[in-house]
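Asks: Sequence:
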Amino acid sequence: MSSPTYSDSESEIPLTFRRSKRHRSSGSGIRKPAADLITALPDSVLGHVLSFLPIEDAIRSQILSKRWQYLWTYSTSLVFRDSNSSDESVSGFVTFVDRTLVLYACSKLTKLGVKFAYEPDYASNVNLWTRFAAGRGAEELQLDLVNYSGDFDKDDYYLIPELLYTNSSFKALQFSECKVMPKGVVCWHSLKKLSIGRAELSEDVIQKILAGSPVLEILELCYCYGFNRVHVSDASLKKLILRDGDYDDDGNGGHHPVLEISAPHLHSLEITGDLGRKICRLGDVSSLVDANISFRIWYRYYCLDDYKVHTDMFARLLQSLVHVKKITLGSWAIQVGLFRILYLCNSLRCAS
Numbered sequence: 001m002s003s004p005t006y007s008d009s010e011s012e013i014p015l016t017f018r019r020s021k022r023h024r025s026s027g028s029g030i031r032k033p034a035a036d037l038i039t040a041l042p043d044s045v046l047g048h049v050l051s052f053l054p055i056e057d058a059i060r061s062q063i064l065s066k067r068w069q070y071l072w073t074y075s076t077s078l079v080f081r082d083s084n085s086s087d088e089s090v091s092g093f094v095t096f097v098d099r100t101l102v103l104y105a106c107s108k109l110t111k112l113g114v115k116f117a118y119e120p121d122y123a124s125n126v127n128l129w130t131r132f133a134a135g136r137g138a139e140e141l142q143l144d145l146v147n148y149s150g151d152f153d154k155d156d157y158y159l160i161p162e163l164l165y166t167n168s169s170f171k172a173l174q175f176s177e178c179k180v181m182p183k184g185v186v187c188w189h190s191l192k193k194l195s196i197g198r199a200e201l202s203e204d205v206i207q208k209i210l211a212g213s214p215v216l217e218i219l220e221l222c223y224c225y226g227f228n229r230v231h232v233s234d235a236s237l238k239k240l241i242l243r244d245g246d247y248d249d250d251g252n253g254g255h256h257p258v259l260e261i262s263a264p265h266l267h268s269l270e271i272t273g274d275l276g277r278k279i280c281r282l283g284d285v286s287s288l289v290d291a292n293i294s295f296r297i298w299y300r301y302y303c304l305d306d307y308k309v310h311t312d313m314f315a316r317l318l319q320s321l322v323h324v325k326k327i328t329l330g331s332w333a334i335q336v337g338l339f340r341i342l343y344l345c346n347s348l349r350c351a352s
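All residue numbers for the sequence shown refer to full-length UniProt numbering, where the first residue is 1 and numbers rise by one.
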């Protein structure tokens, strides 16, 4: 008796595809395009989205459609940056910023940031930009006016106009290579963070700023000079950052300028970068919980006096920080005799 055989056609199972009712096209059978949900958003929302893009890219969005032609003018953040130092490039950049601000339509500006190779000839332009930021109630202003060429004196730095010192809308300010010299009172009643870089600051100016910034929480001074004492009595300031001080030296090795810091309510202190031959001393820092003293110092290896001065300084610093939970040290600590210093500060509590 022979076994039954099966043909290939008998083993195949036919498949039938049917379009469901919800996917069937109506009328001509042409499917309707989905609605453009992004374009349907209000101008204010789209402007906020564009604020996360570089301003050049935000402006390019106008080629998408007529709907997008002027949406970039509602961006809540304007940040302009130019790293080219050629005269032609800088001139074009300044013109671009001027024209952009003229076309800007949003009544409220959250942030204005500008970084370019500043020249004194552009002071009037920067004045217009800062006045624009103040007039639109900007909460954050960044002026990074870089002197790439280094061929003009520090007296030619941009002078921060007086109107900025009495603007209570600012919550964050950053000035680099600017002259910070308020003549009148400072009224930064909303300011929470202030960063100043490469500027001459007198102790009187620092105290005037602190007195006029009642809610200031973070103060950052980078490459600043002109002061030897920072005294902060305000309870609002929680973090102080000092980075790269000036390199005071009388040339004969006999002078060690002193930097004194006293801030009884401070929680975090950071002193980093090069301090030259300065001696750092801490006063009342009883509320500190985090201290970073990884700064670098200059001393002559052949001079025992330099070695002793900096070793004693470091020992006093550690004795002032015995209550701090976290301490960050720099590699230079080993160079000035870390083990001898730890022996002197036997009360220091080391974290495991």
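Don't take every hint at face value.
In silico BS3-like pairs for lysine-lysine, Cα to Cα no more than 27 Å straight-line [stated by the list, open to error]:
| id | residue 1 | residue 2 |
| --- | --- | --- |
| 1 | Lys238 | Lys308 |
| 2 | Lys193 | Lys308 |
| 3 | Lys193 | Lys171 |
| 4 | Lys183 | Lys208 |
| 5 | Lys239 | Lys308 |
| 6 | Lys154 | Lys238 |
Listed next, with one range per pair, are the computed distances between beta-carbon atoms [to be verified]:
| id | residue 1 | residue 2 | range |
| --- | --- | --- | --- |
| 7 | Glu56 | His323 | 46 to 54 Å |
| 8 | Asp98 | Tyr223 | 25 to 33 Å |
| 9 | Asn127 | Ser168 | 14 to 22 Å |
| 10 | Asp290 | Asp156 | 35 to 43 Å |
| 11 | Asp305 | Glu162 | 18 to 26 Å |
Read the hints as simulated data drawn from the structure, not as lab findings.
Where is the CB? At the ideal position from N, CA and C, for every residue including glycine.
Asks: All the hints need checking, so say for each whether the structure fits it.
Replies: Consistency of the hints with the structure:
no.: 1; hint: Lys238 to Lys308; result: violated, 33 Å
no.: 2; hint: Lys193 to Lys308; result: violated, 38 Å
no.: 3; hint: Lys193 to Lys171; result: holds, 7 Å
no.: 4; hint: Lys183 to Lys208; result: holds, 10 Å
no.: 5; hint: Lys239 to Lys308; result: violated, 30 Å
no.: 6; hint: Lys154 to Lys238; result: violated, 31 Å
no.: 7; hint: Glu56 to His323: 46 to 54 Å; result: holds, 51 Å
no.: 8; hint: Asp98 to Tyr223: 25 to 33 Å; result: holds, 29 Å
no.: 9; hint: Asn127 to Ser168: 14 to 22 Å; result: holds, 20 Å
no.: 10; hint: Asp290 to Asp156: 35 to 43 Å; result: holds, 39 Å
no.: 11; hint: Asp305 to Glu162: 18 to 26 Å; result: violated, 47 Å
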